[in-house]
Amino acid sequence: MNLIFLGAPGAGKGTQAEVVCNEYNIPAISTGNILREALKSGTEMGLKAKSYMDKGALVPDEILIGIIKDRLAEEDCKNGFILDGFPRTIPQAEALDKMGVVIDKVIDIEVSDERIVTRMSGRRVCEKCGSSYHMLYKKPAKEGICNACGGTLIQRKDDHPDTVKDRLDVYHDQTEPLKDFYSKQGKLFIVEGQEEVADTTKLVLEAVAKQA
Numbered sequence: 001m002n003l004i005f006l007g008a009p010g011a012g013k014g015t016q017a018e019v020v021c022n023e024y025n026i027p028a029i030s031t032g033n034i035l036r037e038a039l040k041s042g043t044e045m046g047l048k049a050k051s052y053m054d055k056g057a058l059v060p061d062e063i064l065i066g067i068i069k070d071r072l073a074e075e076d077c078k079n080g081f082i083l084d085g086f087p088r089t090i091p092q093a094e095a096l097d098k099m100g101v102v103i104d105k106v107i108d109i110e111v112s113d114e115r116i117v118t119r120m121s122g123r124r125v126c127e128k129c130g131s132s133y134h135m136l137y138k139k140p141a142k143e144g145i146c147n148a149c150g151g152t153l154i155q156r157k158d159d160h161p162d163t164v165k166d167r168l169d170v171y172h173d174q175t176e177p178l179k180d181f182y183s184k185q186g187k188l189f190i191v192e193g194q195e196e197v198a199d200t201t202k203l204v205l206e207a208v209a210k211q212a
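Per the numbering used here, the sequence shown starts with residue 1, numbered consecutively.
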């Protein structure tokens, strides 16, 4: 079974992809991970990507797609895979089709922007030991202080509300059109993200098992 997981930043698609990966014994492939692997192994496409990343530039689609193609050709993908973080745009999705990659289902995890901003902007990390907290869901015993080591809790730049909103704007502009692209192919399954992760997981597994 070949799957794509869609969802805005902070919707929890990575967590859900890992669950399905374990349930069906197929690899969950994230763009970030395969880029790092390609750089580490020094493949031709990896070296091409490195030349852009070293300059702080975005890796062009043709190189990224080449890396994806190499990864999908590996033995562990023969019974299926989950793509998490790719495609991000219509041209990338069209490139997948041209490669002959058949996608069975696209699972879209829907969470409102308001909930995502609350979820992500509430995160805090200990600058000393890296322990994670949340100002609503996992508060420290003493405000601003790590329970584990007494270090100071900080908000990462990526979790600042303005940064989260900017990332959501990019998602809505570039990636959300994929919903219509795959809906027209009859492959889109929408899952409403729940407050409890386990409840979302139940709905995701039902969507994956559902007949198209």
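No lab work stands behind these hints: they were computed from the structure.
One should not assume that every hint holds.
[Said to hold, decoys possible] Derived DEER-like restraints, expressed as beta-carbon distance ranges:
id, residue 1, residue 2, range
1, Glu-196, Cys-129, 20 to 30 angstroms
2, Ile-190, Leu-136, 20 to 30 angstroms
3, Val-197, Asn-25, 15 to 25 angstroms
[Claimed, not checked] Each computed PhoX-like pair below joins lysine-lysine, with the alpha-carbon atoms no more than 25 angstroms apart:
id, residue 1, residue 2
4, Lys-69, Lys-165
5, Lys-69, Lys-98
6, Lys-105, Lys-78
7, Lys-179, Lys-105
8, Lys-78, Lys-165
9, Lys-139, Lys-157
10, Lys-184, Lys-165
11, Lys-210, Lys-179
12, Lys-128, Lys-142
13, Lys-98, Lys-48
14, Lys-105, Lys-202
15, Lys-165, Lys-138
16, Lys-50, Lys-40
17, Lys-55, Lys-78
18, Lys-78, Lys-98
19, Lys-128, Lys-98
20, Lys-105, Lys-184
21, Lys-157, Lys-98
22, Lys-78, Lys-187
23, Lys-157, Lys-184
24, Lys-179, Lys-98
25, Lys-128, Lys-138
26, Lys-202, Lys-69
27, Lys-165, Lys-98
28, Lys-139, Lys-128
29, Lys-48, Lys-105
Please read all numbers here as calculations on a predicted model, not as lab measurements.
C-beta atoms are modelled at their ideal positions from N, C-alpha and C, and glycine is treated no differently.
Now for the hints, and whether the structure bears them out:
1. The given range of 20 to 30 angstroms is respected by Glu-196 and Cys-129, whose C-beta atoms sit roughly 27 angstroms from each other.
2. As the Cβ distance of Ile-190 to Leu-136 is approximately 26 angstroms, the hint placing it in 20 to 30 angstroms holds.
3. The hint said 15 to 25 angstroms for the Cβ distance between Val-197 and Asn-25, and at roughly 21 angstroms that hint holds.
4. This hinted pair does not check out: Lys-69 and Lys-165 have alpha carbons roughly 32 angstroms apart, beyond 25 angstroms.
5. With a C-alpha separation of about 11 angstroms, the suggested pair Lys-69 and Lys-98 falls inside the 25 angstroms cut-off, and the hint holds.
6. About 16 angstroms separates the Cα atoms of Lys-105 and Lys-78, which keeps this hinted pair within 25 angstroms; it holds.
7. Straight-line distance between C-alpha atoms of Lys-179 and Lys-105 comes to about 11 angstroms, which keeps the hinted pair within the 25 angstroms bound.
8. Taken as a hint, the Lys-78 and Lys-165 pair is broken in the structure, with Cα atoms around 38 angstroms apart against an allowance of 25 angstroms.
9. Note on Lys-139 and Lys-157: the hinted pairing holds, with a Cα-Cα distance of about 19 angstroms set against a maximum of 25 angstroms.
10. For the hint linking Lys-184 to Lys-165, the alpha-carbon distance of about 28 angstroms lies beyond 25 angstroms, and the restraint is violated.
11. Taking the CA atoms of Lys-210 and Lys-179, the gap is near 18 angstroms; set against the 25 angstroms cutoff, the hint holds.
12. For a cut-off of 25 angstroms, the pair hint linking Lys-128 to Lys-142 stands: about 16 angstroms separates their Cα positions.
13. The hinted pair formed by Lys-98 and Lys-48 meets the criterion: a straight-line CA distance of about 21 angstroms does not exceed 25 angstroms.
14. Under the criterion of a C-alpha separation no larger than 25 angstroms, the hint pairing Lys-105 with Lys-202 is consistent with the structure, at around 17 angstroms.
15. Taking the CA atoms of Lys-165 and Lys-138, the gap is about 23 angstroms. The hint holds against a cut of 25 angstroms.
16. For the proposed pair Lys-50 and Lys-40, the alpha carbon gap of about 10 angstroms is at most 25 angstroms, so the pair holds.
17. Of the pairs offered as hints, the one joining Lys-55 and Lys-78 is violated, with about 35 angstroms between alpha carbons and a cut-off of 25 angstroms exceeded.
18. Distance check on the hinted pair: Lys-78 and Lys-98 sit about 19 angstroms apart at the alpha-carbon level, within 25 angstroms; holds.
19. A hinted pair counts as satisfied when its Cα atoms are at most 25 angstroms apart, and Lys-128 with Lys-98 does not qualify at roughly 48 angstroms.
20. At most 25 angstroms may separate the alpha-carbon atoms for a hinted pair to count; Lys-105 and Lys-184 meet this at roughly 12 angstroms.
21. The straight-line distance between the Cα atoms of Lys-157 and Lys-98 is roughly 38 angstroms, outside the 25 angstroms bound, and the hint therefore fails.
22. Taken as a hint, the Lys-78 and Lys-187 pair is honoured in the structure, with Cα atoms around 20 angstroms apart against an allowance of 25 angstroms.
23. For a cut-off of 25 angstroms, the pair hint linking Lys-157 to Lys-184 is broken: about 37 angstroms separates their Cα positions.
24. Restraint check for Lys-179 and Lys-98: the C-alpha separation of about 19 angstroms stays at or below 25 angstroms, so the hint holds.
25. Our distance criterion of 25 angstroms between C-alpha atoms is met by Lys-128 and Lys-138, whose separation comes to about 18 angstroms.
26. A distance of roughly 31 angstroms separates the Cα atoms of Lys-202 and Lys-69; the hinted pair therefore is violated under the 25 angstroms criterion.
27. With a C-alpha separation of about 33 angstroms, the suggested pairing of Lys-165 with Lys-98 is violated against the 25 angstroms cut-off.
28. Between Lys-139 and Lys-128 the CA atoms are separated by roughly 17 angstroms; this keeps the pair inside 25 angstroms, and the hint holds.
29. Under the criterion of a C-alpha separation no larger than 25 angstroms, the hint pairing Lys-48 with Lys-105 is inconsistent with the structure, at around 31 angstroms.
Hints 4, 8, 10, 17, 19, 21, 23, 26, 27, 29 from the earlier list are contradicted by this structure; the remaining hints agree with it.
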